[in-house]
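Quick note: the sequence shown uses the working numbering, first residue 1, plus one each step.
No wet-lab data here; the hints were simulated from the structure.
Honestly, I wouldn't trust all of these hints.
Claimed, not checked - Per label pair, the in silico range of CB-to-CB distance:
1) N236 - D205: 26 to 32 Å
2) A225 - R102: 31 to 37 Å
3) D224 - G62: 31 to 37 Å
In this text, a Cβ means the ideal position worked out from N, Cα and C, and glycines have one as well.
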Amino acid sequence: PSTRWRRRSVPAVRYRPAVRYDRPQTRPAAPRLREEGRPASGGSARLAGGPGAHVAALVATGDGFAAGGWTGEAGAEALVLRVSPDGVPDADFATRARAALRVPGAARVLALVPGGAGRLVVAGAIRDGAGERAFVARLLPDGRGDPSFGSGGRVPLVRAGDAAAVLALAPDPQGRIVVAGRSGDGAFVARLGRDGAPDAGFAEDGIARVPLARPGRVVAAAIDADGGVAFVARANGVDAPALVARTRPD
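Sequences and hints are given; from them, build the entire structure.
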């Protein structure tokens with residue numbers, strides 16, 4: 001038998017998402033898993049930073065872990081957190097670290113690594129009217145800036161350019177700090193001494209700008225144990241290919 005279809009008008013319905021992803025309303029959480037992959041007791045730790053806060057980097061410290069990112073306010077401030085092995089954030093450390101890294105404009109922590117003797121080396125970008133500039137800082141175990149590192153605990157990487165950000169950090173066997181990140185349409189690598197001063201024996205005055213095969217935006221960097229750096233970038237343009245570059249330790 002034939003089937004007759006009756007045409008009906010359907011009213012238009014406008015749907016609104018329950019969550020706005022451009023302005024997240026939840027605070028960052030750090031889930032912990034057992035060795036077999038099941039959630040540990042309690043499941044996750046609620047981190048500080050306020051609604052809309054972001055965590056971009058996480059590292060084990062031997063006595064828990066540390067996280068870096070930025071707060072959710074309009075003038076985002078750098079955020080560094082220490083969390084104990086049982087998932088308790090150190091609120092005093094977070095407050096002192098936020099004060100130590102406070103600058104005019106917005107700051108973001110995109111990489112961090114243990115700095116020995118309970119210290120943390122953190123890095124990322126500062127954004128203000130002059131553009132985006134890379135920085136490295138070292139924090140004492142209580143969250144204050146380390147006065148023996150740079151100026152008040154911070155080192156601006158001026159020669160990395162006005163559109164630069166640190167994406168990776170690693171200590172080398174001599175205790176120096178290898179730094180890698182993006183710089184405009186390319187990348188950069190730097191090496192700092194224990195006191196934060198550029199290593200004059202590395203590249204040109206401690207920093208090297210690395211051009212890519214095609215102009216693009218570096219989105220990730222990884223540092224080898226010997227100090228070599230690999231970069232992944234997205235070339236500019238629609239349907240542009242991914243780019244990979246690697247530098248030698250020198």
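Structure-based check of each hint:
1. N236 - D205: 26 to 32 Å: holds, 29 Å
2. A225 - R102: 31 to 37 Å: holds, 34 Å
3. D224 - G62: 31 to 37 Å: Once the Cβ atoms are compared, 22 Å apart, the range 31 to 37 Å for G62 and D224 is violated.
The structure is inconsistent with hint 3 alone, although it conforms to all the rest.
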